[in-house]
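A.B. asks: The primary structure of each chain is shown beneath.
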Amino acid sequence: MIDRMKRAFGPEVPGLLGFLMLVVVIFGVTAPNFLTGANLGSIAFQLPELGILTLAMLIPIISGGFNLAIIYTANMAGLTLAFVLMQFGGVEAGIGPFLLGIVLALGVGALSGAAMGAVIAYVGAHPILVSLAMMIFLRGLGEFLTKGGDISGFPPYLATLGHGSVLGIPVPLILFGLCAVAWHVLLTRTRHGFAARMIGSNLKAAAYSGVHAKRTLVLIYTLSGVMCAIAGILMLSRFNSVRVGHGEALLLVTVLACFLGGVDPFGGFGRVVPVVIALVVLQVLSSGLNLLGANQHLSTAVWGLFLVGVMILRWGAGRWKERQRGRG
Amino acid sequence: MPDVTDAPPAIRFSHVSKVFGGVKALRDVPFEVGQGEVHCLAGENGCGKSTLIKIITGVYQPETGAEMDLFGERLSAITPTIARQKGIAVIWQDLALFAEMTVAENIAFETMLGNRPRFVDYAALRAKAEAALARLDVTLDLDARLGTLPIAQRQVVAIARALVGEARLIFMDEPTASLTQAETDALLAVVRTLSARGVAVVFVSHRLAEVLEISSRVTVLRDGRLVGVYPTEGMTQARLTELMTGKTFDHQVMARETSADPVMLEVAGLSRKGEFRDVSFVLRRGEVLGLTGLIGAGRTELAHVLFGMTQAEEGRVLLDGREMRFASNRDAVAAGVAYVSEDRLALGLIQPQSISDNAVLSVLRRITGRAGLLSPKAQDDLVAHWVRELAVKIGQPGDAVSTLSGGNQQRVVLAKWLATEPKVLILDCPTVGVDVGARAGIFRIVRDLAAKGLAILLISDEVSEVHVNADRVLHMAGGRIVGEYDPRQTTLPELEAAVYA
Amino acid sequence: MRDFLRAYPAEAKLLVVLALLVAGLSVAAPEFLTLVNITSLINNNAVNLIWAVGLLVVLIAGGIDISFAVGASVVQYLVVMALIGMGGGGWAVGIALAMAFGIGLGLINAALIHGFRIISIVVTISTFNAFFGLLMFFTSGKSIYSLPDWLSRPIYLWELQTEIGWADIRLPVAVMAVCLLATWFLIRRTTTGRQLYAFGDNPEGARRAGINIWLMQAIAFGWCGMMAGIAGLMQAHVTKEVVPNALIGRELDVLAAVVLGGARLGGGRGSVLGCVLGVALVAVAQNGLNLLGVSPYAFKMVVGIIILAAISTSNIDLAALLAPKRRDRE
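Chains as they are written, first to last, in the numbering used here: chain A, 1 to 328; chain B, 1001 to 1501; chain C, 2001 to 2330.
No lab work stands behind these hints, which were simulated from the structure alone. Please read these numbers as outputs of a predicted model, since none were measured by experiment. Among the hints, erroneous ones may be present.
Chain C stretches covered by chain A per the calculated footprint, using a threshold of three residues with CB under 8 Å from any CB of chain A [what the hints assert, rightly or not]:
(1) 2114–2127
(2) 2136–2144
(3) 2250–2262
(4) 2291–2304
Interface residues of chain B toward chain C, partial, derived using beta-carbon atoms under 7 Å [said to hold, decoys possible]:
(5) Val1059
(6) Pro1080
(7) Phe1098
(8) Asn1115
(9) Arg1118
(10) Leu1492
Ideal Cβ positions, reconstructed from N, Cα and C, are used throughout, including at glycine.
Full structure from sequences and hints, please.
C.D. replies: The structure is reproduced here in structure tokens:
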């Protein structure tokens, strides 16, 4: 059972599920309101935003890179949608302009990703540096366009996207679920996902084997940009406003979630399912601490310490396994 | 060789063992080298040679109870620092140099060691580096960044580094692997000079001829155990191979008459600036065409053009009668050309990834099912087929390919390319890093493939390899094809004389 | 000249770009090349440069540090609290405390990296979250406005009245100069510094040569922490307050400037000169846009474009252009 789970979803899954259960039990006992529908509901509404951004960070890391521009790409996509809605009457804007805005927002996300991917692939510059430059550029562009303020006043039906539920399941969670499934299929069952993993381990060797490495890189960052745009649209509908810099603090948390989910920092290895579980663990930790009276900042600290703890445990497990093999 | 009878040996120990994760890499191995002796350490990959060197230089700590005598002094624990102070120097196979630092810094690196900070004296550093290069009779730009040097010059830097510290015992781990013959000769001359001055040199080389030429005794290891210590006088290559592998081999020429077979690949007047000029040859269906020559002759560069990695400036390539212009290696693969790189570690395989994923990387389209999704079952079937076909010894298909031996890794590379159903297979030094014992297996596969009609271009710097396995042999030098030989009418010594001239 | 180009290709290119930018600006904006403007540029970027050379040492040793800016916030807070607790203190105590706390935070990173074989980006992203979260939790995000008198009083080292106002050089510039010099000395002139380069370049080769790996990590991250601490104290001195979340986010800007200056992610390459040029390019670009009357909101956008442009032209080899027959090419 555990072996089958490991093969299908990655070797980190049982351990992470164990952590999740431990955390749930601890908070279930210590925080009286933890295991209530209201609390679980709030987790379900908070998770998707961070979750989708983490998916956007995931494939660049698997391909041996990074995308530090995810937050501002999301912001820019949100801005694009907001501008379109404003052009068509703000609160009064109909469904047609909304769909047009969505398409343009996704286009903006894809474009920013494609530009990064092209520079990384064809110039050979380091992804951290390229995405950092893109991040600085998009932040500047966004602040220039909004003069540092925020845009709000959108049609009421957007609230359904941000706060509604279908059959008792929050719409954002459904959206996140769809994105996660799409990413899982992309990484495990498509040629591009396959190529992304190979490039992450050794770009030159992959190219020697006939993989179109450069095109794959461009596509990876384009898809990452599209995922950012989805996050940006979700953020807009949840807060009913767009401000450049919104979600800034989540940037490094997405990296943290990837590492927690067992993604190899050097690239080549990483799966969607353990990363999703890692995200749930982080969100549960934060919500439990919140119920116990701590603020978001303590959660941030605990997240950091938690990652260190997990890495130390993995190190210990590696040593232990080695010693076991030594005896056998 | 100076008289060493009354001087204590440079190094002597009676039993050293080392265990890695339960695997005994070395079992009770004794080792002795006299002062000023040129000694050879021989054995297949994984026999424990490198482990032994790392123990002697303090990189690894041996299992308890090992003591060694260094120049008559008994030591129980060695660290890299102590080893250096006692005059032990190593030229590592992967050189262990610093690409971003200058040549001078690399050579005189040991002056910068030690935990207590000191000022760097760049003038003294340069002087030391210059002196070391002078001992090798070589001049190099001391201020050049090491990374900008060609590999052979980096090798020279590594050797010079060993000479800096007045070493009395030098280990050379495959020092000639990437040197041209002239450079190798120069190195061997240096080894003789060092030996005459009382410096002991332990030579680790897979080129058996060299080993026999230069050393006075040879220690043979197999599977972490000592096979024996033998004088090189009267030792033959065949006997040494036997000792290393525990098996016997015959060097029977396999060449067949192929001149009547249809042409598969025709190359006419192919040139690429700075790499090779006016190269013409034909390769027939079912033929194994050997291409040999020294390092730097342009062999790999030619292969890169045929595989579409780079483009020729002049000349034509005809595949199965049709002219080809490959814009990339993807075009070449689609047209039916496959290329097994000489650098299996960096280019041939994606080492950390699984055997299964490596094997299907070149044929992802073939395992794509309906709806454009990869089929895990199709992948498993394909991998199982090739594992069986090429008799690859693996644990699980999901294991990292790096866990395999060199020979089995090379079979995975072959599987990857054979899955593309190529018409022409280019093998670039296919036995680099493959044990002598496993090489025969690789060549058996090559002959089988040729028998099935595949046209094979076999590139190798080991003349004996092409002599035994090819139907015809081309000799490349200075970017040109300078000769063609029929192994049935040319003896190996004749061919070697032509290539190494 | 050619030697310089060969040894410092990235730095040389940056120097050319910077020179062109300065030349263009001095024509387009007459105020640019005035003593007042130049000195204020230097004053305003002293803190960034101190961080930059600290990060440089970590990059040279093959690591990366995301946590240094929040580390600086932690140090600021701790030092000022300690100083207030002591009843004032002075510059010597303040700097010593900032260095000590900074080194302490750096050593935490180094110990986690070395002790548990976790790569630096994972460790420093963790400590980034831990440092920041704990700081905000324990301070409840409250700022300190009542700094000791000596700390909040500006110190002028040099001033000159010109037609358009006062030009001056303040204390942080002197501290920056000392930090630059010390870092240059460490990495160019000491054996330890060369070991850092070697370790970043080829860790396995360094290990086999007998370099103490733990010492390398400790020195690199300790140095970065120390510089972060000093910069944190200087920042408090300049702004006359300690705001716990004021510095978060600065780490990526500094990283961009240092890498722009030729330091390589992955180790083995980078120079103090490059850091200066990288920080200067970003600063001059912003300053110039300001003088040209461009909306301040557009500054960052242009800086992003400049960095992207710099990266995209990084394949152009100046040394090869000047000397077409360079013997050994990569």
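A.B. asks: A separate judgement is required for each hint: does it hold in the structure or not?
C.D. replies: Consistency of the hints with the structure:
1. 2114–2127: holds (count 10)
2. 2136–2144: holds (count 3)
3. 2250–2262: holds (count 6)
4. 2291–2304: Holds: 9 residues of the stretch 2291–2304 of chain C have a Cβ under 8 Å from chain A.
5. Val1059: 6 Å, holds
6. Pro1080: 3 Å, holds
7. Phe1098: For phenylalanine 1098/B, the interface hint holds, since the closest Cβ of chain C sits about 4 Å away, which is under 7 Å.
8. Asn1115: For asparagine 1115/B, the interface hint holds, since the closest Cβ of chain C sits about 5 Å away, which is under 7 Å.
9. Arg1118: 5 Å, holds
10. Leu1492: This hint is violated: leucine 1492/B lies away from chain C, its Cβ roughly 36 Å from the closest one there, beyond 7 Å.
In the structure shown, a violation is registered for the earlier hint numbered 10 alone.
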